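**Q** So the chains spell out like this:
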Amino acid sequence: MPIRVEGLSYIYNAGQPMEKLALNNVSLAIEDGEFIGLIGHTGSGKSTLVQHLNGLLKPTKGRIYLDGVDIHSKEITLRSVRQQVGMVFQYPEYQLFGETVFEDVAFGPKNMGVPEHQLAERVEWALNLVGLDIGLKDRSPFELSGGQKRKVAIAGVIAMQPRILILDEPTAGLDPKGRDEVLSLVSRLHQEEKTTIILVSHSMEDIARLATRLVVMANGEIVLEGTPEAVFQHADYLERIGLGVPQMKKLLQALQEQGFDVHPDHYTIEAAEGEIVKILETK
Amino acid sequence: MAEALIKFTDVSFSYSADSPQEFEALTGINLEIEAGEFVAVLGHNGSGKSTLAKHINALLVPTAGNVVVAGIDTRDFDRVWEIRQNVGMVFQNPDNQLVATTVEEDVAFGPENLGIPTPEIHRRVDEALELVGMNEFRLRSPHQLSGGQKQRVAIAGMIAMRPRCIVLDEPTAMLDPVGRQEVMDTVLKLNRQEGITIVLITHAMEEAILADRIVVMEEGRVVLTGVPRAVFSQVETLTQLRLDVPQVTALANRLRQRGYDQIPNNILTIEEMVNVLCQLE
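Going line by line, the protein sequences match chains V and E. With the numbering used here applied, the first sequence covers 1 to 283. With the numbering used here applied, the second sequence covers 1 to 281.
To be clear, the hints were calculated from the coordinates, so they are not data collected in a lab. Note that the structure is predicted; figures quoted are calculated from it, not measured. The reader is advised that the hints may include incorrect statements.
Cross-link-like lysine-lysine pairs, in silico, PhoX-like; alpha carbons within 25 Å at most [unchecked claim]:
| id | chain 1 | residue 1 | chain 2 | residue 2 |
| --- | --- | --- | --- | --- |
| 1 | V | Lys149 | E | Lys54 |
| 2 | E | Lys54 | E | Lys7 |
| 3 | V | Lys250 | V | Lys278 |
| 4 | E | Lys54 | V | Lys177 |
Here are the simulated distance ranges between beta carbons [stated by the list, open to error]:
| id | chain 1 | residue 1 | chain 2 | residue 2 | range |
| --- | --- | --- | --- | --- | --- |
| 5 | E | Ser141 | V | Val223 | 28 to 34 Å |
| 6 | V | Met18 | E | Gly71 | 47 to 53 Å |
| 7 | E | Thr118 | V | Glu99 | 47 to 53 Å |
We treat Cβ as the ideally placed atom computed from N, Cα and C, and that holds for glycine.
Construct all of the structure, not just a fragment, from the sequences and the given hints.
**A** Written out as C-alpha cells, the structure is:
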C-alpha cells in the first residue's frame with residue numbers, strides 16, 4: 001500500500017478568528033499504478049489533501065503513510081518523501097527560475113545527489129518524455145511559449161523520477177492543443193513509466209477519459225469514490241455540489257428518459273457512438 | 001447602413017517592427033463588429049487573438065491599415081482615453097486586475113479617473129455591482145473573493161465607465177465550473193439586457209456557442225467566420241486548427257462518417273441531438 005491516509009484533519013489558522021476546517025477525517029488508500037482523478041469544487045479541500053501527501057502540510061490530526069511508514073516519523077526524511085512523491089503545482093511555470101532550461105530541469109536531481117556526469121542524461125530523458133526538443137536546453141525558459149514553459153516545469157519534477165506524481169490542475173489556462181499535449185504526457189508516464197498518478201482537475205471530460213478511479217471531495221470530506229462509471233451514476237448529486245458531468249453521460253441519460261433503450265453509464269464519445277448506432281439500426 | 005462600432009481595415013501588426021526579432025502577429029485583418037453584437041474569437045495560443053483584442057482599445061495600434069472604434073481612429077493619440085472609455089478590457093488572471101482595498105473602491109476607480117462627480121460615482125458603482133450580482137460583497141476586500149467573484153468585480157469596474165463594448169480575454173480560463181458559469185451569466189446579461197457589445201476570446205466551446213458570431217484565427221489571419229452553427233459544422237477544419245468542437249457535435253460528425261446521413265452536421269447541444277433521434281422514423 002504505497003499511500004495510506006488515515007483520519008486526516010487539517011485546520012488553517014488554528015486557534016484564530018479565521019480558523020477553518022479544511023479537511024475533516026479523511027481516509028484514503030492509493031495502490032501502485034493507479035491513476036486517481038481527484039475532483040471537487042474550489043475550496044473543497046483537494047489541494048490541501050494533496051499537499052499533505054508529500055509532507056508540505058502537517059496534519060492537525062491523523063497520519064499519512066508511504067509504504068507503511070508514517071512520513072512524519074523519524075524513520076524517513078521529508079526529503080526522501082518528496083523525491084518519491086513528486087508534485088506539479090498549479091501554474092508551475094511561475095516557478096521557473098533557471099537561466100537555461102537545462103539548469104531548471106537539473107535543479108531537482110542535482111539536489112537529490114544525482115552525480116554531475118549523469119545529470120545531462122537525466123535532463124535529456126525528462127525533456128524527451130515531456131516532448132520538448134533537446135535543442136531547447138540552452139535557451140532561457142522565459143523565452144518559451146506558455147505551453148512549453150509548463151512542460152519545462154513538469155520535466156523538472158519528472159527528472160527526480162518520482163514513483164508517485166501529483167498534478168494540481170495541470171491544464172488550467174492552456175489552449176486545447178497544450179491541454180492535449182500535457183494530458184498525453186501524463187498518460188504516457190502512467191502507462192510506460194508505471195508512475196502512480198494523482199490528477200486534480202475540474203474537467204470531467206479529461207478525468208473520465210484517463211482516470212482508473214475517481215475521488216470526489218466536498219467541504220473537506222471524501223463524498224464519493226469509485227470507477228468513473230460508478231461515480232458518474234450520481235450525476236444529480238455531482239451537479240448539486242458544483243461539479244459537472246461529462247456531456248456524453250448527460251446525452252445518454254436524456255435519451256433514456258425519452259424511452260430509448262441505451263446504457264446510460266458511458267461517458268466517452270466512442271461509447272456513446274456505439275449506443276446511438278444501436279438506436280439508428282432499429283430505425 | 002450605420003457605421004460598425006469596431007472596424008478593422010487591412011490591419012497588420014508586427015511586434016518588434018524593424019528589428020531582427022520582428023514578428024508579424026496580424027496579417028491583413030478585415031473585420032467589422034456591429035453595436036450590440038456578441039462575437040467570440042477562437043484560435044490556439046499564438047494565433048493572434050489577444051493581439052487583435054488589444055487593438056480594439058488602442059493598447060496596440062496597427063503597423064499597417066487602421067482600426068476605427070466608435071468613429072475614432074485608434075492612432076489618434078489625443079483621443080485614446082475616449083476609446084478606452086468606450087471599450088473596457090477584462091483579462092484572464094483575476095488576481096492581476098483589482099487594485100483597491102474594498103470591492104466598491106475598486107469599482108469606483110475608473111469613474112474617479114474620468115473626473116466624474118462623487119454622487120454620480122456612487123450611483124454608477126451601485127448600478128454596476130447590482131448588475132454583476134456583487135452588491136452584498138461591496139465592503140469586502142477583493143482577496144477574500146473567489147475567482148468568479150473577482151472577475152465579476154473586474155467587469156463591474158468596466159461597467160461603471162459606461163463603455164459601449166467590453167473585450168474579455170479568456171476571462172474563465174482560470175476559474176472552476178461554478179466561477180465560469182457566474183462570469184458567462186454576467187456576460188450574457190450585459191449583452192442581452194444592456195445591449196453592450198461583447199468580444200469574448202475563449203477556448204471553451206460551450207461559451208462560444210452562445211455568441212451571435214464566431215471568428216476563428218490562425219497565424220494572424222481570420223480563417224473562418226460565421227454563426228456558431230455554421231462554424232462548428234466544419235469539424236475537420238476545426239480539428240486541423242487544433243481547436244475543440246462541442247463533444248455532441250463531434251459525435252454527430254462521427255455518426256455521419258459511418259453513413260448515418262439523417263443526423264445533421266450542425267448539432268450544438270444535447271437537446272438538439274435528443275430531438276433529432278426522437279423525430280427519426
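**Q** Each hint should be assessed against the structure and marked as holding or not.
**A** Do the hints match the structure? See the list:
For the proposed pair Lys149/V and Lys54/E, the alpha carbon gap of about 23 Å is at most 25 Å, so the pair holds. Simply put, Lys54/E and Lys7/E have alpha-carbon atoms about 14 Å apart, close enough for the 25 Å limit, and the pair holds. Pair hint Lys250/V plus Lys278/V holds up; C-alpha atoms about 18 Å apart against a cutoff of 25 Å. In summary, the hint linking Lys54/E to Lys177/V is supported, as the alpha carbons are separated by about 23 Å, within the 25 Å threshold.
For Ser141/E and Val223/V, the Cβ-Cβ distance of about 31 Å falls inside the hinted range of 28 to 34 Å, so the restraint holds. Distance hint for Met18/V and Gly71/E: a CB-CB separation of about 51 Å, consistent with the stated range 47 to 53 Å. Our hint of 47 to 53 Å for Thr118/E and Glu99/V holds, since their Cβ atoms are close to 51 Å apart.
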